[in-house]
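Number of protein chains: 2
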Amino acid sequence: MSLVVIGSVAYDGIETPHGKRERTLGGACTYIALSASYFTQTSIVAVVGEDFAEEDRALLAGKGVSLDGLEQVPGKTFFWSGVYSDDMNDRTTLRTDLNVFADFQPKLPRSYAAQPYLFLGNIQPSLQRDVQQQMTRVRFVGGDTMNYWISDYREELLATIKHWDFLLINDSEARMLAKEHNLRRAAHKILDMGPNTLVIKRGEYGAMLFRRDTLFMVPGYLLEDVFDPTGAGDCFAGGFVGYLSERGFDLRNGHFDVHELHRAVIYGSVMGSFCCEQFGVERFRTLTRTEIDKRFAEFRKFTAF
Amino acid sequence: MSLVVIGSVAYDGIETPHGKRERTLGGACTYIALSASYFTQTSIVAVVGEDFAEEDRALLAGKGVSLDGLEQVPGKTFFWSGVYSDDMNDRTTLRTDLNVFADFQPKLPRSYAAQPYLFLGNIQPSLQRDVQQQMTRVRFVGGDTMNYWISDYREELLATIKHWDFLLINDSEARMLAKEHNLRRAAHKILDMGPNTLVIKRGEYGAMLFRRDTLFMVPGYLLEDVFDPTGAGDCFAGGFVGYLSERGFDLRNGHFDVHELHRAVIYGSVMGSFCCEQFGVERFRTLTRTEIDKRFAEFRKFTAF
Numbered sequence: 004m005s006l007v008v009i010g011s012v013a014y015d016g017i018e019t020p021h022g023k024r025e026r027t028l029g030g031a032c033t034y035i036a037l038s039a040s041y042f043t044q045t046s047i048v049a050v051v052g053e054d055f056a057e058e059d060r061a062l063l064a065g066k067g068v069s070l071d072g073l074e075q076v077p078g079k080t081f082f083w084s085g086v087y088s089d090d091m092n093d094r095t096t097l098r099t100d101l102n103v104f105a106d107f108q109p110k111l112p113r114s115y116a117a118q119p120y121l122f123l124g125n126i127q128p129s130l131q132r133d134v135q136q137q138m139t140r141v142r143f144v145g146g147d148t149m150n151y152w153i154s155d156y157r158e159e160l161l162a163t164i165k166h167w168d169f170l171l172i173n174d175s176e177a178r179m180l181a182k183e184h185n186l187r188r189a190a191h192k193i194l195d196m197g198p199n200t201l202v203i204k205r206g207e208y209g210a211m212l213f214r215r216d217t218l219f220m221v222p223g224y225l226l227e228d229v230f231d232p233t234g235a236g237d238c239f240a241g242g243f244v245g246y247l248s249e250r251g252f253d254l255r256n257g258h259f260d261v262h263e264l265h266r267a268v269i270y271g272s273v274m275g276s277f278c279c280e281q282f283g284v285e286r287f288r289t290l291t292r293t294e295i296d297k298r299f300a301e302f303r304k305f306t307a308f
Numbered sequence: 004m005s006l007v008v009i010g011s012v013a014y015d016g017i018e019t020p021h022g023k024r025e026r027t028l029g030g031a032c033t034y035i036a037l038s039a040s041y042f043t044q045t046s047i048v049a050v051v052g053e054d055f056a057e058e059d060r061a062l063l064a065g066k067g068v069s070l071d072g073l074e075q076v077p078g079k080t081f082f083w084s085g086v087y088s089d090d091m092n093d094r095t096t097l098r099t100d101l102n103v104f105a106d107f108q109p110k111l112p113r114s115y116a117a118q119p120y121l122f123l124g125n126i127q128p129s130l131q132r133d134v135q136q137q138m139t140r141v142r143f144v145g146g147d148t149m150n151y152w153i154s155d156y157r158e159e160l161l162a163t164i165k166h167w168d169f170l171l172i173n174d175s176e177a178r179m180l181a182k183e184h185n186l187r188r189a190a191h192k193i194l195d196m197g198p199n200t201l202v203i204k205r206g207e208y209g210a211m212l213f214r215r216d217t218l219f220m221v222p223g224y225l226l227e228d229v230f231d232p233t234g235a236g237d238c239f240a241g242g243f244v245g246y247l248s249e250r251g252f253d254l255r256n257g258h259f260d261v262h263e264l265h266r267a268v269i270y271g272s273v274m275g276s277f278c279c280e281q282f283g284v285e286r287f288r289t290l291t292r293t294e295i296d297k298r299f300a301e302f303r304k305f306t307a308f
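Sequence order for the protein chains is P and C.
In terms of my numbering, the first sequence is residues 4 to 308.
In terms of my numbering, the second sequence is residues 4 to 308.
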């Protein structure tokens with residue numbers, strides 16, 4: 004099966020206690036696609052400026068990611084920079100230059116329209132909805148959002164996620180969206196908004212998957228060294244939806260195996276953990292599927308009782 | 004098998020977003036013993052003042068807890084009061100009156116000396132060591148400590164835990180003891196200090212068990228309502244060591260099943276979660292073993308993939 008991902012492709016400036024990078028490939032769409040590419044044929048829809056480097060294009064293409072939907076326009080690529088606290092649980096944004104991303108109007112190449120899996124990265128909800136409407140045979144669709152859309156574009160966001168199979172957000176976003184601190188109650192409020200599946204990411208503390216009749220919880224993978232957490236949540240998303248695409252998972256046929264969703268959460272956690280091991284997207288230059296499956300097996304060993 | 008627990012028996016004043024209690028039964032030893040009593044014959048060593056109520060004695064005795072080692076002396080029982088933040092992840096201590104606990108010299112009744120399981124609750128390390136030395140046939144011993152002993156009584160603490168099978172502390176205490184932020188590295192440093200098993204509690208985020216050759220991780224049980232977290236960590240300890248005592252777990256015979264330790268962590272998590280459902284020790288007035296085993300089964304269901 005194949006997957007379409009929309010979102011940001013960017014350059015990041017990152018400082019963590021382990022070091023600093025002035026300018027390195029980043030953006031949610033980049034991380035999601037790199038992560039998903041280990042599982043399934045992945046195509047992206049994004050925009051970059053004239054400064055987008057050939058070597059960065061080559062990294063994505065080298066993973067088999069289709070770049071037919073990567074538009075290059077006059078101007079500069081989205082730039083973000085931030086600095087992490089000593090324990091890396093907090094980060095401060097230093098700069099956000101939207102550049103060409105400010106006018107992003109996703110254009111879906113004709114070759115993408117009939118693909119079955121769709122992940123709508125964090126962009127304006129109405130744009131997410133436009134893309135979904137251009138896809139003709141989607142069988143599993145969902146995405147991410149952020150505090151800004153939840154607070155300032157609430158109605159637009161609700162009208163968008165109403166038509167999603169899954170929503171994948173972090174715990175503070177879930178609390179904000181549901182207007183409820185308790186995560187269990189917040190989750191049930193969100194399931195009333197449309198998505199039948201809700202995945203809540205909790206960073207180093209793991210993740211949870213909620214459906215009306217089930218709950219799945221996984222602790223975070225405990226790394227010896229967290230080098231740079233940038234992109235970990237997006238890599239989680241890529242592993243989650245990438246695995247389901249690989250498996251041809253079909254929520255709508257009524258006979259799906261809920262454990263496939265659980266395994267997708269584990270693969271998400273695995274991909275998020277690898278992402279943290281090096282700066283930016285560096286880990287994906289060497290990461291292999293064998294390493295991924297080995298860590299999946301470790302999760303089984305480390306959680307068995 | 005049977006278990007001896009030493010530590011504090013106290014009265015607590017508690018305020019959470021759900022309400023307030025001026026004075027209710029508390030103390031680490033109380034919570035540990037109540038929790039362990041669902042699994043094994045439990046005996047306590049503690050001290051209370053003249054104000055200790057007959058009904059509180061009756062609650063413990065009603066669970067089959069042996070009170071032969073509960074000394075009653077002139078003066079007042081240890082009193083602690085605190086108030087929780089809105090999200091209940093932080094609490095502020097309002098008052099700590101050690102009272103009779105200030106001069107606590109644990110006296111082990113002769114009937115306790117040959118019991119095989121020993122949990123040394125958070126008291127001065129040298130007193131923990133004295134008690135351990137009075138026990139003649141211990142086959143599994145360990146306990147808890149706190150930031151005060153870690154910072155101000157470090158050498159005494161190290162000399163004490165050197166002879167323990169397990170140490171059960173929270174994540175900030177583990178980081179402080181190891182002088183290392185990364186929990187995986189911190190755990191290995193602590194395993195070098197003596198205990199062959201380290202359990203790290205992470206509150207609502209679950210717990211982890213480390214041994215030299217293995218790691219076990221469990222997410223926190225997701226409650227619909229957290230009423231009062233007081234004592235949850237101690238109830239975890241009671242479930243952990245209580246279950247191992249029930250099973251006659253014997254680390255020293257070399258043929259033990261490491262999954263028993265994992266299941267003990269799950270029972271610890273189960274007991275901690277029940278503790279939060281009502282104020283103070285209230286939940287233990289009605290809790291049954293059937294409910295406990297049902298929640299254990301839920302943990303299995305919620306973490307299977």
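Quick caveat, the hints were computed from the structure, so don't treat them as lab data.
Just so it is clear, CB atoms sit at the ideal spot from N, CA and C, and this is done for glycine as well.
Any given hint might turn out to be false.
[As the list claims (entries may be wrong)] Here are some of the chain P residues that sit facing chain C, going by a computed Cβ distance under 10 Å:
no., residue
1, 86
2, 89
3, 159
4, 161
5, 162
6, 184
7, 207
8, 210
Less than 10 Å between beta-carbons is the criterion; does residue 89 of chain P satisfy it with respect to chain C?
With a closest approach of 8 Å, the residue 89 of chain P hint holds.
With a cut-off of 10 Å, does the beta carbon of residue 159 of chain P approach a beta carbon of chain C closely enough for the hint to hold?
Since chain C brings no Cβ nearer than about 29 Å to residue 159 of chain P, farther than 10 Å, the hint is violated.
Identify whether the interface hint at residue 162 of chain P stands, where standing means a beta carbon of chain C within less than 10 Å of its own.
Nearest chain C Cβ about 29 Å off; hint violated.
If you take the shortest Cβ to Cβ gap from residue 207 of chain P to chain C, is it below 10 Å?
Constraint on residue 207 of chain P satisfied, holds at 9 Å.
Would the stated hint for residue 184 of chain P survive a check requiring a Cβ distance to chain C of less than 10 Å?
holds (6 Å)
Quick check on residue 161 of chain P please, does its C-beta sit within 10 Å of some C-beta on chain C?
Since the shortest Cβ distance to chain C is 24 Å, the answer is violated.
Minimum Cβ distance from residue 86 of chain P to chain C below 10 Å?
violated (17 Å)
Supplied contact hint for residue 210 of chain P, tested at 10 Å Cβ to chain C
holds (9 Å)
In the structure shown, a violation is registered for the earlier hints numbered 1, 3, 4 and 5, in ascending order.
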